[in-house]
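K.L.:
Chain residues, written in single-letter form:
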Amino acid sequence: MVSASARRPLAAGVLEAANSGFSPMKVLGIGIPLVYSLTFFAAPLLFLVVLGFWLVENFQVVPAFSLENYLDIAQHMFAQSNYALAIAQSLWLSLSTAFFAVLLCYPMVLAIVYVAPRSRHRLLLMLAVAPFWSSYVLRLFSWQILLANKGIINSGLAWAGFENLQFNLLYTQIATRIGLIHYLAPILIVVLYVTAANIDRDLIQAARDLGATRWQAFRRVILPMSRTGLLVSASFAAIVSFGDVLAGSLLGGGVGNSVLGSVPLFSTMIMTEYASSTNLPRTSALAMILVLVMVLMLAGGAALAERSKVDAG
Amino acid sequence: MNALSDIAPPPQVDLELRGIAKNFGDFVALEGVDLSIERGEFVAIMGPSGCGKTTLLRIVAGLESMSSGRLFLRGQDISALPVHKRSTRLVWQNFALFPHLDVRRNIAFGLTLGRHDKEAVKARVGEIAELVQLGQFLDRRVSQLSGGQKQRVAIARALVTEPEILLLDEPLSALDAHLRIRMQSEMKRLQQRLGLSFLYVTHNQSEAFSMADRVVVMNKGRIEQFGPPEEIYTRPKTHFVAEFVGSNNIFDGKVVDVQGGLIVVQCADAIISAASGERPPGKGSTVSLVVQADKVRSRPIGVAAENSLRAVLSGREFTGSQVIYYLETAGGGEVKMVAQEPFSQTERATINMAMQLYWSPADTVVLRPNIVPGKENMPGRRSYVALGT
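Protein chains in written order, with this note's numbering: chain W, 1 to 313; chain F, 1001 to 1389.
If you are wondering where the hints come from, they were derived from the structure by calculation, not from laboratory data. Each hint should be verified, as a subset may be incorrect.
[To be verified] Here are some of the chain F residues that sit facing chain W, going by a computed Cβ distance under 7 Å:
| # | residue |
| --- | --- |
| 1 | H1084 |
| 2 | W1092 |
| 3 | G1110 |
[Stated by the list, open to error] Pairwise CB distance ranges (calculated):
| # | chain 1 | residue 1 | chain 2 | residue 2 | range |
| --- | --- | --- | --- | --- | --- |
| 4 | F | S1173 | W | L38 | 19 to 25 Å |
| 5 | F | D1139 | W | R219 | 19 to 25 Å |
| 6 | W | A303 | F | S1049 | 43 to 49 Å |
| 7 | F | G1126 | W | R120 | 35 to 41 Å |
| 8 | W | L48 | F | G1126 | 58 to 64 Å |
| 9 | W | V35 | F | K1118 | 38 to 44 Å |
| 10 | F | E1130 | W | L38 | 54 to 60 Å |
| 11 | W | R120 | F | S1049 | 26 to 32 Å |
| 12 | W | A303 | F | G1195 | 47 to 53 Å |
| 13 | F | S1049 | W | F132 | 40 to 46 Å |
| 14 | F | D1139 | W | Y274 | 55 to 61 Å |
| 15 | W | R120 | F | S1087 | 49 to 55 Å |
Glycine residues also receive a C-beta, built at the ideal position from the N, C-alpha and C atoms.
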């Protein structure tokens, strides 16, 4: 490097440095996001990692480098607290929520993009995103009122004469999913809208011109070309659902009945364990496991999306 | 619908359009378009942007509905047939290839929609790919292809389904000039080999003239003229065609005399005579005279002759095979003259030189005012000067 640049005339070297090196705008453009993510993402995460190796002695947090927390958690994976089951429960909940969230949002987006006139897209998108501006907790409490055994839905049904048609929804995993989907839908709709709106209309018309019915044009062109967007939004929904505590505790009642039995969600378990033990290092270690699962989910989603990108050329 | 419009066209006609009209709200995109394309004919639709040519093509494809009119394809009324049931195929300006499929799957797309035999599809795709010289690119991704190769895929994808007519919407406009010329002759050869009718939309005059058997000139949603390229070029029927096609000079004036097979017209700058034709316009009527720029000649000042016009040279353009001279008349009108070679050495053309122009009355086309379309929408004269480019 040094010898190569030394051989070149000074002026050329200076010019090159100005082009490829550190212009003030470049420093600012890269620096600001870098500082931001270091401060608000990397540093707290690092703190969590470090904390996971610390210990509690005589109700005092003591800095250390010990794997005791992790070993203890490993021992309880399939016994007592049954973390593995809780993780499985959370995975089941988050993946199924992601599936239903995408299943609900994708047709809505298709309706906006392909059925509604172009001049109405912005309005419809605003309406779809509007719930996002109200508080998440407030929305969960509203769902409580709606879904309760004597809540609005059941009372409404009874009032309309369907006394026998009553739903036991509150404090079930279905209620948790409803709360999560309501929370996720605006974001998913925006992501999916961008995907669908970017599909060249000529391609759909070309498919129709070649003899494809509407359904075939969807199946053979729109759906495969939405694949990346579908995977991105699904992994986003799964990750958010996996880490969420509020929907699970306010609507799911903490312990959700599911195909896996009455097992709490992993995130709820972390919360309750911290509340009862106030053992911050051990909770950090648990949280690290949660983060690890999330990273794996993200990697899985990204790998699938990357594969579809290769397919798509 | 009257009885006449229900009669199916004769069997040698591939596509027949009858009274096609299309309105977008208040805007009239197409009006009373009648067109008949014979089996194996290459027809080019030419016109300025917004003239309705692409809308017309999309109506034939079934991608756009028409406000009124009827469409016949090989004798069958397809007016009400939805797009996917029509045996027309469109080749798109931007190719519209499926980016998520490789070349093979792109070409096979139309064959794999219904029940199909995989081996037969594979064989058919291979065959078509050979025809358009894509044999070794079948496993490539669309993004790995050059513009010309993409256009071949688009054509192969359409041809593989054995359409009854191929519709092409400015298929070469996305290619660079050099490739465009090569693809032109390739396309023409392909069309002749297949004996398939092509309906080809373009705004490019040389493209239309070099490939088409017959050319449609459209303006403001109407057909101005339909005929062989030579006829469109030498015998424009309307003021618009004269302005749009080639490099024409147009003089407006009043008929002052009709005698001996000639009409004499008083124009702003000169008295011009023209061959009167079978039904000469009466004395005193207003006409437009059209003279092709390559029919105009120059001679030394002072020699009296028919159809002579004094003008001052205001500019010249050397294009290689010919020279285009721009001249200004005393009245301020512009005259174009195209010469195959520059002036002789004794008389080098210099700017501001006064010249005497002349041409034969037989080369003067007379246009009557009743076939002059709305003047306010005619393109400016200077927009269409390039002859032979």
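K.L.:
Please check whether E1130(F) and L38(W) have a Cβ separation lying inside 54 to 60 Å.
P.N.:
Roughly 59 Å apart at Cβ, these two residues keep to the hinted range, so it holds.
K.L.:
Restraint: G1110(F) near chain W, CB-CB cut 7 Å. Satisfied or not?
P.N.:
holds (4 Å)
K.L.:
Note whether the CB distance of R120(W) and S1049(F) lies within 26 to 32 Å or breaks it.
P.N.:
holds (28 Å)
K.L.:
If you check the beta carbons of D1139(F) and R219(W), does the distance land in 19 to 25 Å?
P.N.:
holds (23 Å)
K.L.:
Can you verify the interface hint for W1092(F): is its Cβ closer than 7 Å to any Cβ in chain W?
P.N.:
holds (6 Å)
K.L.:
Given a hint of 47 to 53 Å, does the C-beta separation of A303(W) and G1195(F) actually sit inside it?
P.N.:
holds (51 Å)
K.L.:
Can you verify the interface hint for H1084(F): is its Cβ closer than 7 Å to any Cβ in chain W?
P.N.:
holds (5 Å)
K.L.:
Verify the CB-CB distance for D1139(F) and Y274(W) against the hinted window 55 to 61 Å.
P.N.:
holds (56 Å)
K.L.:
Is the distance from the Cβ of L48(W) to the Cβ of G1126(F) consistent with 58 to 64 Å?
P.N.:
holds (59 Å)
K.L.:
Starting from the hint 19 to 25 Å, judge whether the C-beta atoms of S1173(F) and L38(W) obey it.
P.N.:
Hint violated: Cβ distance 50 Å, outside 19 to 25 Å.
K.L.:
Can the suggested window of 43 to 49 Å be confirmed for the beta-carbon pair A303(W) and S1049(F)?
P.N.:
Holds - the Cβ-Cβ distance for A303(W) and S1049(F), about 46 Å, lies within 43 to 49 Å.
K.L.:
Note whether the CB distance of V35(W) and K1118(F) lies within 38 to 44 Å or breaks it.
P.N.:
violated (57 Å)
In terms of the numbered hints stated before, the structure departs from hints 4, 7, 9, 15, listed from lowest to highest.
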